[in-house]
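Enquirer: Listed here are the chains, written in short residue letters.
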Amino acid sequence: MDRERIAPRQLLGSILVALAIVAIVIVVVVARLGTGTGENRHDDSGGGKGKVAASERRRRRLTGRGGAPPRP
Amino acid sequence: MEQLIDDLTFGNVYEVKTVLASVAAALAVYQLLLIAVGYGKLRPRFLASPAASLTHRASGDVIVVLVAIVALTCLAHFGFDDHGRLHQVTGALLIAVFAFKIAVIRWWHGLGRLLPLLGTCVFVLLALTWLTSAGHFLGGGG
Numbered sequence: 001m002d003r004e005r006i007a008p009r010q011l012l013g014s015i016l017v018a019l020a021i022v023a024i025v026i027v028v029v030v031a032r033l034g035t036g037t038g039e040n041r042h043d044d045s046g047g048g049k050g051k052v053a054a055s056e057r058r059r060r061r062l063t064g065r066g067g068a069p070p071r072p
Numbered sequence: 073m074e075q076l077i078d079d080l081t082f083g084n085v086y087e088v089k090t091v092l093a094s095v096a097a098a099l100a101v102y103q104l105l106l107i108a109v110g111y112g113k114l115r116p117r118f119l120a121s122p123a124a125s126l127t128h129r130a131s132g133d134v135i136v137v138l139v140a141i142v143a144l145t146c147l148a149h150f151g152f153d154d155h156g157r158l159h160q161v162t163g164a165l166l167i168a169v170f171a172f173k174i175a176v177i178r179w180w181h182g183l184g185r186l187l188p189l190l191g192t193c194v195f196v197l198l199a200l201t202w203l204t205s206a207g208h209f210l211g212g213g214g
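For the record, the sequence lines run as chains A and B.
When we follow my numbering, the leftmost residue of the first sequence carries the number 1, and every step to the right adds one.
When we follow my numbering, the leftmost residue of the second sequence carries the number 73, and every step to the right adds one.
Each hint should be verified, as a subset may be incorrect.
If you want the ones that stay clear, here's a sample from chain B, every Cβ over 10 Å from chain A, calculated [as the list claims (entries may be wrong)]:
no., residue
1, 95
2, 131
3, 172
4, 181
5, 182
Quick partial rundown of chain A residues pointing at chain B, CB under 7 Å, derived from the structure [as the list claims (entries may be wrong)]:
no., residue
6, 7
7, 15
8, 21
9, 32
10, 33
In short, the hints are calculated from the structure, not lab data.
Where is the CB? At the ideal position from N, CA and C, for every residue including glycine.
With the hints as constraints, model all of the structure from the sequences given.
Expert: What follows is the structure, given as structure tokens:
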């Protein structure tokens, strides 16, 4: 890598691009996670059809923890 | 520890991990472009090599922090279960190669010629780790 003088504008620009990438990814991922999750997130029954509910059901299936007790 | 993570994420551990890991993965792609400019492989008119290298270092520090947070959350909250073996292997390798690369950058300057190889390994392992967790989760895999 070269040992030239660093141009402040270029440095600022490249850092701003990094910040823009961070912001865009956060918005896109949060929007993606929010899609189809209309259930009550505090509902402890493990119901619902969204990704959050699906991941919660999977976690409970794997760990055997949380949620309502199994029906007899 | 598990309770602390639950409290900090308001019970949304998967979601917080997904966002942080996705930001790290996106920055890793940007890192590739920056270091290509830094080594002179790409020569855009609007960005010179020194600025690209400095931004690469700063952005890399951010990625280290993000990966450390995600890894700690993973270990403390989920531990090592039978599910997601590939994710566990790639994640452990990622941490090991990451630590070695940081040691080379900070102290073992004699091994500096390995940096491109180590950087490529870190990128591939980060991509694999992301694909087997956050990417799978975002893709609807649960």
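Enquirer: Against this structure, judge whether each hint is valid.
Expert: Each hint tested on the structure:
Look at residue 95 (chain B): its CB is around 5 Å from the nearest CB on chain A, not clear of 10 Å, so calling it non-interface is violated. Listed as outside the interface, residue 131 (chain B) is inconsistent with that label: its C-beta sits roughly 5 Å from the nearest C-beta of chain A, within the 10 Å cut-off. Chain A leaves residue 172 (chain B) outside its interface by the beta-carbon criterion, the shortest separation being 20 Å against a cut-off of 10 Å. Every C-beta of chain A lies more than 10 Å from that of residue 181 (chain B), the closest at about 13 Å, which supports listing it as non-interface.
Remark: the non-interface label on residue 182 (chain B) is consistent with the geometry, its nearest Cβ contact in chain A lying 17 Å away (cut-off 10 Å). At about 6 Å, the closest approach between the beta carbon of residue 7 (chain A) and any beta carbon in chain B falls short of 7 Å, and the interface hint on this residue holds. Because the closest C-beta pair between residue 15 (chain A) and chain B is about 6 Å apart, less than 7 Å, the hint holds. The restraint placing residue 21 (chain A) at the interface with chain B holds, with a minimum CB-CB distance near 5 Å, inside the 7 Å limit.
Proximity of residue 32 (chain A) to chain B holds as hinted, the smallest CB-CB distance being about 5 Å (cut-off 7 Å). The closest approach between the C-beta of residue 33 (chain A) and any C-beta of chain B is roughly 5 Å, which is under the 7 Å cut-off, so the hint is satisfied.
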